[in-house]
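Enquirer: Spelled out from the first residue to the last, the chains are:
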Amino acid sequence: MTAAVAASGLAVAYGGGRPALERVEFELAAGSSLCVLGPNGGGKTTLFRALTGELAPLRGTVSVAGGRPAYLAQTERTRLDFPVSALDVALMGSLANGRWWLPARRSDRATARAALDRVGLADRAGDRFGELSGGQRQRVLLARAIVQDARVLLLDEPLAGVDPASAERIERLFGELRDEGRALLVSTHDVDSARAFDRVLCVNHDQIAFGAPADVLSREVLERTYGAEIVVLDEPGPDGTVRAVTVQHHHHDH
Amino acid sequence: MDLLEPLQSGIERRALAEVVLLGAFCGAFGCWVTTFRLSYPAESLAHGLLPGLVVAALAGIPLLLGGVAGVAVAALAVAVAGRDARVGSDTATAVAVTGLLGLGSLLALTPDAPARLEELLFGDPLGVTDGDLAAAAALALAGGLALVALHRPLAAVALDAGGARSLGISATAVRFALLALLAAALAVAVQGLGSLLVLAVLIGPAVAVRGHFSTPGRSMAAAAVVAALAGVAGIYASAWLGTAAGASVALALCAAAALGALVRGVAGRRAAASPSP
Ligand SMILES: Nc1ncnc2c1ncn2[C@@H]1O[C@H](COP(=O)(O)OP(=O)(O)OP(=O)(O)O)[C@@H](O)[C@H]1O
Ligand SMILES: [Mg+2]
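Chains as they are written, first to last, in this note's numbering: chain A, 1 to 254; chain B, 1 to 277.
Where hints are given, some of them may not hold.
What the hints assert, rightly or not - Quick look at which bits of chain B chain A covers, simulated, 3 or more residues with Cβ under 8 angstroms:
#1 142-153
#2 156-163
#3 167-178
Just so you know, the hints here were simulated from the structure itself, not pulled from any lab data. Being a predicted model, the structure only gives us computed values, none of them experimental. Even for Gly, the Cβ is constructed at its ideal location relative to N, Cα and C.
Make the full structure from the sequences, and use the hints.
Expert: Structure, rendered in structure tokens:
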């Protein structure tokens with residue numbers, strides 16, 4: 001079986017300088033999910049931009065099966081004064097079918113509505129996109145990525161700024177998308193949430209580790225990934241892996 | 001006074017047809033021009049194409065060809081001048097365009113030139129030929145079809161260019177299509193409204209409707225109607241008041257923009273003043 005997403009000996013650089021990300025080597029099968037962990041500046045976004053083809057590899061190769069991946073960028077740069085509804089934005093995902101010159105079909109509309117429902121925004125479909133909150137806009141853009149119906153989804157910190165209840169719903173959604181046979185790559189700063197993924201990739205300029213959460217989420221790997229930013233809690237978690245939080249997202253009481 | 005009086009002369013009927021055709025297309029299209037922040041480039045091209053018009057008038061070839069060539073030369077001049085990063089592209093554009101405007105005036109003001117500079121600068125809807133009308137109809141038809149076909153990619157890129165890219169829509173290609181349409185619109189519309197006033201029909205209606213409608217499509221339809229109505233109002237006003245037709249149309253379009261802005265301001269203040277539920 002060929003991998004849905006693969007990188008081999010990958011190095012990516014901006015301009016002529018030294019690579020921002022090096023020695024990346026992993027494979028992800030269809031129907032599985034990967035959590036990308038790393039500190040600020042670790043190279044998570046750089047990896048995604050290499051996978052979308054926006055950045056050409058300096059060395060090595062990347063491959064993404066099944067056509068253009070859906071991509072949810074970390075920083076949304078949307079025009080808030082542009083008059084479109086949340087539904088209109090979700091519907092833009094259907095442009096990925098290639099027939100951009102035709103109006104959206106009724107079935108596309110239904111798909112867009114369903115996607116808004118999946119991110120918990122069914123009741124905001126008619127609202128002006130620019131008048132939604134930041135977290136709501138992020139969820140509408142996630143809905144747009146879902147409407148795209150891609151085999152591979154690249155989601156760069158999709159839960160940043162999303163409230164806990166919505167985050168829980170969206171984490172369930174990740175599971176559903178994976179069970180539909182898609183490959184899912186999600187970057188996050190929330191080390192604890194990485195446990196729910198099939199694979200974890202730790203990057204900090206170099207690839208630090210890749211594998212199943214139980215193998216990867218060790219004190220040693222997390223310390224090498226995050227350096228001084230990590231607080232490793234000594235008590236082991238329910239599945240035996242260490243528990244840890246990154247300092248900038250310190251939200252555990254202990 | 002007879003309301004239909006302007007319609008009784010063939011000249012004025014043609015002028016009305018010209019402003020309605022140009023208004024319908026340019027009004028709708030102008031919504032994208034303003035959304036993509038192309039007002040200043042559009043003004044630059046409109047003014048910079050003057051030498052093309054003058055040369056065509058002097059050589060006795062159709063002004064439309066002069067307009068097309070003029071837009072191409074102006075776009076090239078702006079692009080070349082903008083390459084010097086130490087000057088900055090807006091300053092470079094201003095210099096290039098003023099230079100072209102000066103060149104056009106110089107050519108038009110030679111003693112043996114036919115005295116048509118005024119018409120080229122300020123337009124003369126009352127002087128449109130059948131050829132001009134055919135060009136305006138072709139622009140409204142072909143340009144309208146292009147706007148329909150490009151609607152979804154334009155909206156996707158306008159909302160966020162990076163996101164559109166991941167949907168397989170090239171922002172560069174979309175912007176290029178927009179500029180090509182802009183060049184065509186200017187080359188045609190300049191025949192009726194002149195190099196200095198043509199921008200009114202592209203920008204005025206879009207400003208008038210901005211913020212009043214909930215979708216880009218509705219804004220465009222409203223802008224088309226506003227542009228056509230303002231154009232007709234301008235022609236009527238010029239017939240009744242004996243004012244210059246091109247300038248009257250441009251003023252009517254700008255009055256519509258001011259009115260739209262005024263209503264927006266009042267509505268905004270009222271919304272701010274009313275207690276939230
Ligand atoms: N446009 C750019 N030009 C030059 N260097 C860049 C650019 N974007 C990122 N970098 C560099 O590449 C490295 C990796 O950045 P990247 O954005 O991939 O990190 P990240 O893991 O996504 O961080 P964060 O958690 O802050 O989103 C950093 O050292 C950064 O300075
Ligand atoms: Mg990032």
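Enquirer: For every hint, state whether the structure bears it out.
Expert: A quick look at each hint next to the structure:
For the segment 142-153 of chain B, the stated coverage by chain A holds: 5 residues have a C-beta nearer than 8 angstroms to a C-beta of that chain, and at least 3 were required. Counting residues of the segment 156-163 of chain B whose CB falls under 8 angstroms from any CB of chain A gives 7; the rule of at least 3 is met. For the segment 167-178 of chain B, the stated coverage by chain A holds: 3 residues have a C-beta nearer than 8 angstroms to a C-beta of that chain, and at least 3 were required.
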